[in-house]
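S.K.: Between the sequences and the hints, there should be enough to build the whole structure, so can you do that?
The end of the sequence shown is residue 524 by the working numbering, with every number in the run present.
Just so you know, the hints here were simulated from the structure itself, not pulled from any lab data.
Quantities reported herein were computed from a predicted structural model and do not represent experimental measurements.
Each residue gets a CB set at the ideal place from its N, CA and C atoms; glycine is no exception.
You can trust all of the hints, since none of them are fake.
As a list, the in silico DSSO-like pairs of lysine-lysine whose alpha-carbon atoms are at most 30 Å apart:
(1) K456 to K477
(2) K494 to K506
(3) K456 to K468
(4) K456 to K469
(5) K456 to K493
Derived CB-CB ranges, DEER-like:
(6) V459 to D512: 51 to 61 Å
(7) D460 to I509: 45 to 55 Å
(8) K494 to I457: 24 to 34 Å
(9) I496 to G465: 27 to 37 Å
(10) E519 to F458: 48 to 58 Å
(11) N466 to K506: 55 to 65 Å
(12) N466 to L503: 45 to 55 Å
(13) S488 to K468: 16 to 26 Å
(14) G465 to D512: 57 to 67 Å
(15) D462 to K494: 22 to 32 Å
(16) K493 to G465: 18 to 28 Å
(17) I496 to P474: 42 to 52 Å
(18) G505 to K469: 56 to 66 Å
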Amino acid sequence: MIAEKIFVDTDENGNIKKLPTLPPNKHIELIILIEESKKDEKKVIREPSQILSGKMTIKDDIFTSENEWTLET
452 MIAEKIFVDT
462 DENGNIKKLP
472 TLPPNKHIEL
482 IILIEESKKD
492 EKKVIREPSQ
502 ILSGKMTIKD
512 DIFTSENEWT
522 LET
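M.R.: As structure tokens, then:
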């Protein structure tokens, strides 16, 4: 079996435009993959693990530059 990748477009009725010429008298297996549009994709919102939820506390201003930090030694 020989694999060949062919890209085709459809019209407004879902019919294939410009069907490629296929070999005569052959049995052909088609696998159709439909490209999903970008607007259908759901945006993934990253969240911390539930194991970490509520375990951390902010003790100071986290927006101060590193040079202004007073680190305990």
